[in-house]
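> Residue numbers (this note's numbering), protein chains in the order written: chain B, 1 to 93; chain X, 1 to 420.
For the record, the hints were derived by calculation from the structure and aren't laboratory data. Some clues are possibly wrong.
Below 30 angstroms or equal to it, Euclidean Cα-Cα: the simulated BS3-like pairs (lysine-lysine) are [as the list claims (entries may be wrong)]: (1) Lys169(X) to Lys2(B); (2) Lys20(B) to Lys2(B); (3) Lys167(X) to Lys2(B).
Small disclaimer: the values here were computed from a predicted structure and weren't measured.
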Amino acid sequence: MKYLLFVCLPASDEDTRPGKGTTVRLRPPDDATTVRVRGDEVLLSDGPFTGGEEYVAAVDLVEAGDLDEAIALAAQHSALVGGGPVEVRPVWE
Amino acid sequence: MNGISGAGGVEAAVAAAFREEWGQILATLIRVTGDWDLAQECAQDAFAQALDRWRRDGVPRRPGAWLTTTARNRALDLLRREAVGAEKLREVAVSARNEPSYDVEGHDSGVEDDRLRLIFTCCHPALPIEARVALTLRTLAGLTTPEIAHAFLVPEATMAQRLVRAKRKIRNAGIPYRVPPAHLLPERTTCVLGVLYLLFNEGYAATSGADRVRADLCAEAIRLARVLARLMPDEPEVLGLLALLLLHDARRATRVDAAGDPVSLEDQDRTAWNRAEAEEGAALLETTLRRGRPGPYQIQAAIAACHTTAPTAADTDWADIAGLYGELERFVPSAVIRLNRAFAVGMAEGPEAGLALVAGLEREGELADYHLLPATRADLLRRAGRQGEAAEAYERALELVENDAERRFLERRLAECRSA
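Using the sequences plus the hints, can you model the full thing?
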């Protein structure tokens with residue numbers, strides 16, 4: 001199965017690890033633009049779509065046999081970012 | 001075929017098979033079909049067929065094997081009819097051929113493993129705790145959705161939704177149907193034990209006769225703990241949990257009075273305790289502790305055994321209990337456990353020694369809103385003959401208590417202190 005791991009960090013921290021393997025490291029949320037469509041209009045706002053205490057610092061699309069394997073990969077990510085949360089989401093296939 | 005042929009006999013045989021075999025049959029069907037809903041449907045169907053067929057042909061020598069084979073054939077039928085993937089069909093058919101043990105000697109280890117797979121999957125920590133409990137009752141214990149809803153005091157639709165979501169997550173998120181590998185086993189076993197303990201406590205909290213369905217949860221928890229103990233005989237904590245549940249359950253009938261109010265351990269009628277359960281629990285605990293691998297459930301069982309095996313309240317070995325709470329705290333550090341230890345020390349060495357420890361907990365502040373902190377202090381003060389101070393502490397406890405029955409208990413104690 002495929003899972004997408006969302007590696008999160010506290011808003012105050014910066015992700016300094018290099019992206020490696022399948023990990024896609026994202027530039028900081030300050031550089032984000034959020035897009036919404038209302039009718040015919042494209043609305044933009046500065047910053048990430050989620051406000052709050054954490055932001056998605058990196059995503060990793062992984063192949064795993066089952067959820068337990070995906071959890072083990074997520075745990076490695078979490079340990080690397082000092083225990084930050086990692087959301088594990090199965091991918092529609 | 002055995003000799004049972006009367007209609008009542010057949011019904012009783014089907015009911016007995018349901019109690020004994022449901023979890024096993026469902027667990028096997030889930031493994032071979034990989035489809036929880038299909039498995040459930042086919043297992044139910046097999047029981048329905050059993051009523052007719054056993055009346056006509058007699059009850060088979062091994063009802064479980066008959067039911068499993070019938071359910072599996074039904075699954076094959078349904079899969080053929082729906083013309084689902086030929087792949088799946090082959091898997092089910094092959095697995096049917098490769099398990100001759102069903103039709104020869106019933107419970108071989110591979111088959112027993114199915115139930116273990118099911119328990120671990122239902123109790124997977126990626127599922128919300130309420131879903132773990134509900135799914136365990138629905139699949140392993142064979143309770144109906146309305147029964148589970150009633151037991152947990154939620155609307156039927158809510159419970160149905162909870163079960164649907166849990167099964168969907170198992171499928172979509174890829175929660176594996178297996179006994180976890182060695183490196184995950186200790187942690188996951190703790191999860192399973194937690195679910196069974198919660199199940200038991202839910203039933204234990206039920207007080208009145210109207211709560212019969214809830215009270216039955218105790219029996220279900222013990223039954224499942226027995227199954228688990230049979231399947232994992234080398235895990236001391238599994239046996240420790242079973243011992244703990246038996247020792248608690250032995251006192252269940254006397255925990256509350258006719259009005260549903262709690263009765264303190266000292267005042268419980270010990271002659272009404274279930275001796276057989278108490279002895280079984282104590283004996284099980286003793287053999288388990290000899291393995292020298294203690295854990296929180298074994299220690300809690302040892303504490304329960306100190307109470308349950310004391311012939312009178314005055315015979316309770318409080319020094320032993322205080323030591324055990326100290327031990328327990330090493331495994332699960334918690335202020336509540338320290339409070340229990342303080343009370344035990346007070347009973348063993350005199351109220352003043354206990355009060356000194358309670359004062360320490362008050363300074364820590366962690367239990368500031370917990371009614372049992374002032375209630376424990378009040379009880380120790382009462383025993384020290386300091387009724388005036390005890391009354392004040394009871395008043396403080398009454399400000400914090402939420403449960404009505406406990407409130408009445410504290411009010412009675414307060415009145416006693418004031419009139420002394």
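> Each hint should be assessed against the structure and marked as holding or not.
Hints, verified against the model:
{"no.": "1", "hint": "Lys169(X) to Lys2(B)", "in the structure": "holds, 15 angstroms"}
{"no.": "2", "hint": "Lys20(B) to Lys2(B)", "in the structure": "holds, 18 angstroms"}
{"no.": "3", "hint": "Lys167(X) to Lys2(B)", "in the structure": "holds, 19 angstroms"}
The structure fails none of the hints (numbered hints given earlier).
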